[in-house]
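> Sequence:
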Amino acid sequence: MTSPVRSDHVTASGTPRPGGAGQLAHRTVSRIGFGAMQLERLQGDRPAAVKLLRRCIELGVDHIDTAQFYGHGFVNEAIREAVRSQDDVLVATKVGAEPDPEGPLPLRLAQRPEQLRAAVEDNLTTLKTEQLPLVNLRRTDTGPGLRAEGDQLVPLDDQLAELTALRDEGKIGALGLSSVSMDVLRHALPADITCVQNAYSLLSRDDEDLLRLCQEKGIAWVPYFPLGSAFDGIPKVTDEPAVTAAAHETDATPAQIGLAWLLHHAPNILLIPGTANPTHLETNMAAAEITLSPATLAALDAVPPRPADIALH
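By numbering that gives the first Met the number 0, the letter at position 265 of the sequence shown is numbered 264, and the numbering carries on one by one without gaps.
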C-alpha cells in the first residue's frame with residue numbers, strides 16, 4: 000500500500016515538492032529549488048528561459064533564487080513573465096553587487112546602504128512586485144569571490160539598518176546573508192536572519208559549525224557552488240572518486256550524488272542548482288529520488304574536505 004504524501008510535501012497546485020519540504024523565510028518550500036543565474040545564457044531566446052522556468056514549476060519547484068544583476072535584469076524579467084501568482088513561488092533575490100560590463104570582472108561590489116536600497120528598488124521594478132519575499136545581503140567576509148576595499152568596506156550594522164528599514168516599509172519580507180563568517184552571523188541574529196548562502200559542498204566544508212548554528216536557529220542553509228566550481232582552485236565534487244563510485248553503485252550521475260549527499264547531510268539544507276538546459280534540469284530534480292545507503296553515506300562523509308578560498312580584487 001502506498002503511503003499518503005504529506006500535505007507539506009506538495010505545492011499549492013498539489014505537485015510533490017522535489018526533495019520534500021523545507022523552511023525558508025518563514026514559508027514552506029521545496030528543498031530543491033532553482034538557481035536562475037545560468038538563465039543569462041538564454042538572453043537571445045527569452046521564450047526558452049520562460050519555458051524552462053515554467054518546467055521548474057511543473058516539477059514542483061516553488062523556490063527560485065535570482066538577482067537583478069543576472070543578465071542586467073533579463074533573468075528577473077523572465078521570472079516575472081513565467082511565474083504566476085497562483086504558483087505561490089518564493090522568489091529570493093540578493094543585493095550587494097551590480098553589473099560592471101567594462102570592468103575586469105562582470106560584477107563589482109555595491110555594499111553601501113544607498114546601493115542596497117537602489118538594488119531592492121530595481122528588483123521590485125523588474126519583478127513587478129510590491130514586496131520581495133527574501134533578500135540576501137551578499138557580503139565578502141568569507142568564501143571565494145570579490146573582497147571589499149575602500150568605500151565598499153561597510154559596517155554590517157549600517158547595512159542591516161537599511162535593509163531592516165526596507166523590511167519595515169514592506170518592501171522586503173525577510174532577510175538573509177551570503178558569504179559570511181560565524182561572527183558576522185552571530186552579530187546579525189537579532190535582525191531575524193532566515194537564510195545563509197555560503198559556498199559549501201561535500202569537498203568544501205569549512206562552515207560545518209556555521210551550518211549547525213543555522214540548524215539550531217531554524218535558519219535555512221542554501222549553499223552556492225554545491226558541486227564545486229569551474230574557478231581555478233575550487234575542487235569539483237563530480238571528480239571525486241568516492242562520488243563517482245557512489246554514482247556507479249546507485250545508477251546515478253556524480254552530480255546527482257553530490258546533490259543527494261547535501262539533502263541527506265542536514266535537514267535545513269535547501270538546494271538551488273542552476274542550469275539553462277531542460278535535460279539537466281530534470282536530472283537535478285531527480286536527485287531528490289536517490290537514496291544513499293548507510294555504507295555509501297559513510298564513504299562520502301569520510302571524504303576529506305578540500306577547502307578553497309579565492310579572493311578576487
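These aren't lab readings, by the way, just hints derived from the structure by calculation. Treat the hints with care, since some could be wrong.
Cβ-Cβ distance ranges computed for the label pairs, FRET-style [claimed, not checked]:
no., residue 1, residue 2, range
1, E248, R83, 47 to 53 Å
2, A297, E80, 41 to 47 Å
3, G102, P277, 16 to 22 Å
4, E120, S292, 46 to 52 Å
5, R83, S292, 26 to 32 Å
6, P100, D208, 34 to 40 Å
7, A164, G43, 47 to 53 Å
8, D167, E248, 48 to 54 Å
9, A147, E215, 34 to 40 Å
10, A294, D167, 48 to 54 Å
Derived DSS-like pairs (lysine-lysine); straight-line CA-CA distance at most 30 Å [said to hold, decoys possible]:
no., residue 1, residue 2
11, K50, K170
12, K50, K127
13, K127, K170
14, K170, K216
Just so it is clear, CB atoms sit at the ideal spot from N, CA and C, and this is done for glycine as well.
> If you check each hint against the structure, which ones fail?
Violated: hints 1, 3, 5, 7, 9.
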